[in-house]
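A.B. asks: I would like the entire structure built from these sequences, with the hints used as guidance.
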Amino acid sequence: MSSAAAPRPPRSALPLQVAGLALLLLLAVVLGTGLGRVMVPPGEVLVALWRGLSGQELAGNDVIVWQIRLPRVVMGVLVGASLGVCGGAFQGVFRNPLADPYLLGVASGGALGATAVIVGGGPRPLIPAAALLGALGAVMATLALAREGRRLPPTRLVLAGVMVGSVLSALSTALLLRGEDRAREVLAYTLGDLGFSGWREVGAVLPYVGLGAGALLLLARALDTLQLGELTARSLGVPVERLRLLVIGAASVATAGAVAYVGIIGFVGLLVPHVVRLAFGAGHRTLLPLSALLGAALVVLADLLARTTPLSQVGIVTTLLGGPFFLWLLRRTRD
Amino acid sequence: MNRALTLTAVLCAALSAAASATTYPLTFTDDLGRKVTLKAEPKRIVSMLPSTSETLCALAACDRLVGVDDYSDYPAYVTKLPKMGGLYNPNVEAIVARKPDLVLVSKYGKLAEPLTQAGITVIAVNPETYDEVFSKTLLLGKIVNREAQAKALVTSMKREIAKVEILTKTAVNKPTAYYEIDPTPYSIGPNSFMGTLLTKAGARNIIPATMGDFPKVDPEFIVKQNPQLILGVDAGTAGARPGWNTITALKTGKVMTVPKELNTMLGRPGPRLPQALRGLAKLVHPELFK
Numbered sequence: 001m002s003s004a005a006a007p008r009p010p011r012s013a014l015p016l017q018v019a020g021l022a023l024l025l026l027l028a029v030v031l032g033t034g035l036g037r038v039m040v041p042p043g044e045v046l047v048a049l050w051r052g053l054s055g056q057e058l059a060g061n062d063v064i065v066w067q068i069r070l071p072r073v074v075m076g077v078l079v080g081a082s083l084g085v086c087g088g089a090f091q092g093v094f095r096n097p098l099a100d101p102y103l104l105g106v107a108s109g110g111a112l113g114a115t116a117v118i119v120g121g122g123p124r125p126l127i128p129a130a131a132l133l134g135a136l137g138a139v140m141a142t143l144a145l146a147r148e149g150r151r152l153p154p155t156r157l158v159l160a161g162v163m164v165g166s167v168l169s170a171l172s173t174a175l176l177l178r179g180e181d182r183a184r185e186v187l188a189y190t191l192g193d194l195g196f197s198g199w200r201e202v203g204a205v206l207p208y209v210g211l212g213a214g215a216l217l218l219l220a221r222a223l224d225t226l227q228l229g230e231l232t233a234r235s236l237g238v239p240v241e242r243l244r245l246l247v248i249g250a251a252s253v254a255t256a257g258a259v260a261y262v263g264i265i266g267f268v269g270l271l272v273p274h275v276v277r278l279a280f281g282a283g284h285r286t287l288l289p290l291s292a293l294l295g296a297a298l299v300v301l302a303d304l305l306a307r308t309t310p311l312s313q314v315g316i317v318t319t320l321l322g323g324p325f326f327l328w329l330l331r332r333t334r335d
Numbered sequence: 001m002n003r004a005l006t007l008t009a010v011l012c013a014a015l016s017a018a019a020s021a022t023t024y025p026l027t028f029t030d031d032l033g034r035k036v037t038l039k040a041e042p043k044r045i046v047s048m049l050p051s052t053s054e055t056l057c058a059l060a061a062c063d064r065l066v067g068v069d070d071y072s073d074y075p076a077y078v079t080k081l082p083k084m085g086g087l088y089n090p091n092v093e094a095i096v097a098r099k100p101d102l103v104l105v106s107k108y109g110k111l112a113e114p115l116t117q118a119g120i121t122v123i124a125v126n127p128e129t130y131d132e133v134f135s136k137t138l139l140l141g142k143i144v145n146r147e148a149q150a151k152a153l154v155t156s157m158k159r160e161i162a163k164v165e166i167l168t169k170t171a172v173n174k175p176t177a178y179y180e181i182d183p184t185p186y187s188i189g190p191n192s193f194m195g196t197l198l199t200k201a202g203a204r205n206i207i208p209a210t211m212g213d214f215p216k217v218d219p220e221f222i223v224k225q226n227p228q229l230i231l232g233v234d235a236g237t238a239g240a241r242p243g244w245n246t247i248t249a250l251k252t253g254k255v256m257t258v259p260k261e262l263n264t265m266l267g268r269p270g271p272r273l274p275q276a277l278r279g280l281a282k283l284v285h286p287e288l289f290k
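Read top to bottom, the protein sequences are chains B and Z.
Heads up: the first sequence begins at 1 in UniProt numbering, then just goes up one per residue.
Heads up: the second sequence begins at 1 in UniProt numbering, then just goes up one per residue.
Note that these hints are calculated values from the structure, not bench results.
Built from N, CA and C at the ideal position, the CB exists for glycine as well.
Zero decoy hints are in this set.
The calculated label-pair distances, taken between Cβ atoms and stated as ranges, are:
id: 1; chain 1: Z; residue 1: T79; chain 2: B; residue 2: L330; range: 55 to 63 Å
id: 2; chain 1: B; residue 1: G121; chain 2: Z; residue 2: P82; range: 24 to 32 Å
id: 3; chain 1: Z; residue 1: T252; chain 2: B; residue 2: L46; range: 25 to 33 Å
id: 4; chain 1: B; residue 1: R200; chain 2: Z; residue 2: Q117; range: 50 to 58 Å
C.D. replies: Structure representation (C-alpha cells):
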C-alpha cells in the first residue's frame, strides 16, 4: 500500500483539517489537565493555571494541576507528536507501510540503556541519559551495518535495523534475568510511562523533539517527490541518499528524545500516519503536521485512560486501543 | 527430686513430640491448587524461595537443604549451598542433579511441571498475607516433621510482634505514611503483609485497601494525600519529583530510604518478620526506641 498513488487533498481543505485535529488536541489537553486520580473542578483548574502563569504561590490542587498534570500532558503532546511525525516520515522514506519510529533499533537501544542502569542499581536520573545514548548508539550501529559504500539502500537499512534491535533486546533480557527483582521497573520502561514528567523533563525532551520533528516538517516536500520513485526523484534534482540520511537522522533524534524519559509507547508511530493517510490523504505536507496533532492527542488521551483505569501504563492503552482500531479501519477502507 | 523433674520433663517432651509427629504419606493442597502427597519425611530439600529457606532453618531443618535459589542468603549457612537459579531462570538440571526428595517452589515460577515430570515431589508455598506467614510456617513444620518447633516458632514470633505493638500503640502521633517499593512508583496496600507491618509499626498508610495489595500509584494521588512520612525513597530523589517539594514529609525532612538489610527482611514473609517489624517501627517512631 504505497502511498504514492493516493491523491493529495485540495489545498483549501488543509486549514480545515488542521483546525479539526487541533481542536481534538485541545480537547485532549483540557481533559488531561482536568481529570485524574484526584478530582479538580474545572474552575480550580483555571485558577491554578492563572496562579501559575502570574507567578503566584501554588497551594493544594494548584500543585497537582500545574506541577504534575500539566507537564505530564505537555510531555504527552511532545512524545505523541514526535512519534506521529517520525512514523509518517519513516513510512515515506522507506516506502513501507509497516515502518515505525522504532524501526532502526531506537527502542531496543533505549531499553538496553535503561535496563543497564536499573538492573545495575544506578541512580535514577541516569536512566534517561543511558536510554538516549543507547537509542542513538543503536541507530548509528544500524546505519554503519547497512551502508553500502556511500549508499544506504532501504532494504538493507530495514534488515540491519531489525537485526540490531533483536540483538539489543536479547541483551536487555539477559540483563533483566540477572536482576529480576527490578523486573517491574524495566517493564514500566518498555511499556511507556509518563509518570513523573515534570517541567524539567519536558525541557530536556523539547530540544530533541523540536529539532527532529521540525526538520522532518521542512523535508516534507522532498519526501513527496521521493514517493514518485527514486529515479524520478533524482531526475527532479532530489539528492536521494542525502535526503534519506537527513530524514533518518532527524527522526532518530526525535524518537531517541521521546523514549529517553517516557520509555517505549507502542503503536502510535505506526498507527497515526495510517489513520491520517486514510482520512486526509497521503501528501507529506499534510501527513506530517496532521500526524503530529493526532499523535499528540492520542498519547494524551491514552495517558488519561492509563492513570484513571487499572490499565496503568500509556503504552498498554495505545496498543490495546490502537490494534483493533487499526484493523477495523483497514477492513472498512478495503470495502 | 531434681532427677524426677528432669525425667518428667523429658517424658513430656517426648510424648508431645510423638503426639505432633507427622504421619506419612501426607496429602494436602499446595498454593498451585494441586493435591500433593509426600510418601515419607523429606530429607533432601531444595528451596527456591528465600523465605522458605529461612523458615526451614528456623525449624532446625537447615541441614536437609541441598540447594537453594540465587536470592536465599539467610542464615549464613544457606549461602554455602549450591545455587539453583532464580524465579525466571531456574536451573532445572542442577536441581534434578541434586536428587532432592522435595523441592519447594514459588507458585509464580514454572518449575512445578518439569520437576514433577522428572518424578520429584514439588510443593508451592507462597505466604502473601500477614496471616499466611504463620499458617505456612505451620504447614512447612508439618511437611518436614517439625510441627512442635513450628508451633513454638509461631508463638515466639507473635510474642515478639506483640512487644513492638505494645510500644507503637502508645505513640501519640501516628504519621500518615507512603511506602514506596519501587520507583515507578509502586506502593503497598494495607492488606498486603508489608502493609500490615506498616500499620503495626504505628503508621497510617495513605494507600486505601481498594487500590489493591501492591498498586501502581499515580504521583498526584501521593501529593494530594500529603503524607507526613515517606519510606523507600531518598530525599534527593523525592524532592526532584514534580510537585513533591510541597509534601509535608519533605518539608519536615521525614523522607528516608529503608536500609538494605531491613528492606530484604521486610520483603520476606518468613521467621524474621518480628525483626523486620521492629526495624520498621524504629524508622516510623524513633522516639519509642531510645
